[in-house]
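With these hints in hand, go ahead and build the complete structure from the sequences.
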Amino acid sequence: MQDTSFELGGIKFHSRLIVGTGKYRDFAETKAAVEASGAEIVTVAVRRVNITDRGKENLLDYLDPKRYQILPNTAGCFTADEAIRTCRLAREVGVGELVKLEVIGDNRTLFPDVAATIEAARVLVKEGFKVMPYVTDDPVTCLRLQEIGCVAVMPLAAPIGSGLGIRNPYNLAIIIEQAKVPVIVDAGVGTASDAAEAMEFGCDGVLMNTAIAGAKDPIAMARAMKLAVEAGRLAYRAGRIERKLYATASSPLSGLIG
Amino acid sequence: MLDSIATSITLNGDPYPLDRDTALTALLERLNMRRGRVAVEINHEIVPKARYDETMVRAGDHVEIINFVGGG
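Residue numbers (my numbering), protein chains in the order written: chain X, 1 to 258; chain V, 1 to 72.
For the record, the hints were derived by calculation from the structure and aren't laboratory data.
There may be inaccurate statements among the hints.
Said to hold, decoys possible - Each computed DSS-like pair below joins lysine-lysine, with the alpha-carbon atoms no more than 30 Å apart:
id : chain 1 : residue 1 : chain 2 : residue 2
1  : X       : K31       : X       : K244
2  : V       : K49       : X       : K31
3  : X       : K180      : X       : K23
4  : X       : K12       : X       : K31
5  : V       : K49       : X       : K130
6  : X       : K66       : V       : K49
7  : X       : K180      : X       : K126
8  : V       : K49       : X       : K126
9  : X       : K130      : X       : K23
10 : V       : K49       : X       : K216
11 : X       : K56       : V       : K49
No experiment lies behind these values; they were computed from the predicted model shown.
This is the structure we're talking about:
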């Protein structure tokens with residue numbers, strides 16, 4: 001069963017799993033986990049270079065930008081201006097126009113500041129960025145971001161790093177139904193079944209970091225997530241059976257032994 | 001004291017000594033940084049990579065050098 005391609009800002013991908021690179025023990029583990037996940041897109045954060053420890057290796061030495069689409073994020077930004085500045089700097093490193101826009105509104109929940117996210121998205125789209133915004137699971141906000149020209153919308157399943165899974169499947173269903181751009185569940189996935197569930201709903205992709213990096217065995221969990229996203233996608237396309245209240249026998253009722 | 005102010009820049013938020021005007025390329029080399037791995041702002045303006053050779057860093061400049069780190 002040939003799948004349709006997964007396209008973001010004109011770039012085609014095979015894998016529908018996007019993985020973060022934070023919280024790993026070291027770059028070697030990051031690399032091994034990314035490889036096991038089969039992801040083609042990896043998120044990274046933009047930070048000041050460490051001047052005093054400058055012999056240090058660089059993340060991109062482990063994740064070759066020729067092999068992976070690097071997706072810089074604006075994590076840690078609390079205003080539209082900070083997020084815009086971060087994206088401009090990220091683009092200047094030279095890994096393309098795709099950016100994960102996140103403008104945080106509250107430190108404890110890490111929920112997005114929706115107004116600031118929309119404001120930043122508007123500016124960034126005009127400047128030629130291919131914007132993938134992390135947003136609340138709100139259908140109207142997702143519509144606005146789509147109208148502005150974002151190349152995807154990325155509603156959260158649950159708070160970042162919470163592992164609570166999909167808290168609002170009905171909103172997600174509405175977002176998917178009205179979307180003309182890919183819908184990627186970003187944040188809140190705890191285990192493989194959460195990722196599969198998102199894909200079964202009809203999401204185009206899933207983005208996660210903590211669920212893999214924080215697992216007891218991150219490499220094994222990376223593989224589990226790869227399989228879950230593939231299985232969920234295939235089940236969605238295969239078309240699940242209707243839910244029924246009563247049983248229907250699987251074995252023929254004729255020819256029963258006297 | 002005045003001398004030290006006159007001959008330093010602010011690099012990623014901290015004072016950094018700079019004897020004389022220095023090309024950005026030379027500063028990056030001194031810091032052991034590869035241009036393909038970083039982006040630079042001087043006084044809040046991004047410096048395009050093509051202009052690293054001709055861009056001079058001068059005393060009192062505010063220089064930000066960023067790179068990518070692990071993140072979600």
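Now the hints, each set against the structure:
For the given pair, K31/X sits about 45 Å from K244/X by alpha-carbon distance, which is inconsistent with the 30 Å threshold. At roughly 28 Å between alpha-carbon atoms, K49/V and K31/X fall within 30 Å of each other, so this suggested pair holds. For the proposed pair K180/X and K23/X, the alpha carbon gap of about 33 Å is over 30 Å, so the pair is violated. Restraint check for K12/X and K31/X: the C-alpha separation of about 22 Å stays at or below 30 Å, so the hint holds.
Taken as a hint, the K49/V and K130/X pair is honoured in the structure, with Cα atoms around 21 Å apart against an allowance of 30 Å. Between K66/X and K49/V the alpha-carbon distance is near 19 Å, which keeps this suggested pair within the 30 Å criterion. Among the hinted pairs, K180/X with K126/X is consistent with the structure: their alpha-carbon atoms are about 19 Å apart, no more than 30 Å. Using a Cα cut-off of 30 Å, the hinted pair K49/V and K126/X holds, with the two alpha carbons roughly 22 Å apart.
About 26 Å separates the Cα atoms of K130/X and K23/X, which keeps this hinted pair within 30 Å; it holds. Straight-line distance between C-alpha atoms of K49/V and K216/X comes to about 41 Å, which puts the hinted pair past the 30 Å bound. Restraint check for K56/X and K49/V: satisfied, since their Cα atoms lie roughly 22 Å apart, inside the 30 Å limit.
The structure shown violates the earlier hints numbered 1, 3 and 10.
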